[in-house]
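In order, the protein sequences belong to chains A and B. Position 113, counted from 1, in the first sequence is what UniProt numbering calls 113; the numbers after and before it change by one each time, with no gaps. Position 81, counted from 1, in the second sequence is what UniProt numbering calls 81; the numbers after and before it change by one each time, with no gaps.
Hints were generated in silico from the structure; no laboratory data involved. Glycine included, every Cβ here is placed at the ideal spot set by N, Cα and C. Check each hint, because a few of them may be wrong.
[Unchecked claim] Just a few of them, taken from the derived set where beta-carbon distance is under 7 Å, the chain B residues facing chain A: (1) 17; (2) 18; (3) 24; (4) 46; (5) 60.
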Amino acid sequence: MATVSATSVSFGASLKPCFNNNRKTDGTSALNMVRVVWTKNVYSSLRTSRFNVCCSAKPETVQKVCEIVKKQLALSDETELTPESKFAALGADSLDTVEIVMGLEEEFDISVEEESSQNITTVQEAADLIEKLVQKKEG
Amino acid sequence: MGASSSPKLSGMQKQVLSLYRGFLRAARSKSAEDRHKIESIVSGEFRRNSKQVDRKNFLYIEYLLRRGQKQLDQLKSPDTVGLSSLNVSVSETIDPKP
Numbered sequence: 001m002a003t004v005s006a007t008s009v010s011f012g013a014s015l016k017p018c019f020n021n022n023r024k025t026d027g028t029s030a031l032n033m034v035r036v037v038w039t040k041n042v043y044s045s046l047r048t049s050r051f052n053v054c055c056s057a058k059p060e061t062v063q064k065v066c067e068i069v070k071k072q073l074a075l076s077d078e079t080e081l082t083p084e085s086k087f088a089a090l091g092a093d094s095l096d097t098v099e100i101v102m103g104l105e106e107e108f109d110i111s112v113e114e115e116s117s118q119n120i121t122t123v124q125e126a127a128d129l130i131e132k133l134v135q136k137k138e139g
Numbered sequence: 001m002g003a004s005s006s007p008k009l010s011g012m013q014k015q016v017l018s019l020y021r022g023f024l025r026a027a028r029s030k031s032a033e034d035r036h037k038i039e040s041i042v043s044g045e046f047r048r049n050s051k052q053v054d055r056k057n058f059l060y061i062e063y064l065l066r067r068g069q070k071q072l073d074q075l076k077s078p079d080t081v082g083l084s085s086l087n088v089s090v091s092e093t094i095d096p097k098p
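Take the sequences, apply the hints, and build the full model.
Right under this line is the structure:
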């Protein structure tokens, strides 16, 4: 949670440095609580993003999940994806959700049980489940 | 809807999704080219039926589920390499009279 205040304070600053900081901290420490919240503020041409650090999947995982979801739903690169984005809100039906989960399975080399895969509705939920399964596989 | 509540799926919907998952899984065991073909046919079929079939037409959905399951069993066999579909478009005779 220490990182929370750090990032929140620096949210007025530009996006890149604060993003990198975050990544490094999470890579080295075993910080297990990372939630990434993008807020889009457009000042003329300047984009500021704020990171909110407080939940359970690594940003890399969330990032990867976002990419797969985008690919699967054929969303444009500009589409804003937050961990809270609901698949349904992005235009995915239940068949798309199955495809997303299958895509994630292959990407992370895991096997998602049917029961749990039906409960995944957001990027965050997917990322959390993946972390859990990957840990189980390694452990 | 609550914070993390997913849309509740009926038993039949779950069966359909499970069948779809089964097809996608079976497709993985085929060659890349066949796999792609299978995936596009299967996904097309499911999507078409999801739009065309009345969600209350349980008998028909059950029939489709059984048929799909049989097709899936065949597809799972290692001897089966691919899947093909025949598209017969029946020209609908539209009755002009009201």
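Results of checking the hints against the structure:
1. 17: holds, 5 Å
2. 18: With Cβ-Cβ at 6 Å, under 7 Å, it holds.
3. 24: holds, 5 Å
4. 46: Because about 6 Å separates residue 46 of chain B from the closest Cβ in chain A, which is inside the 7 Å limit, the hint holds.
5. 60: violated, 18 Å
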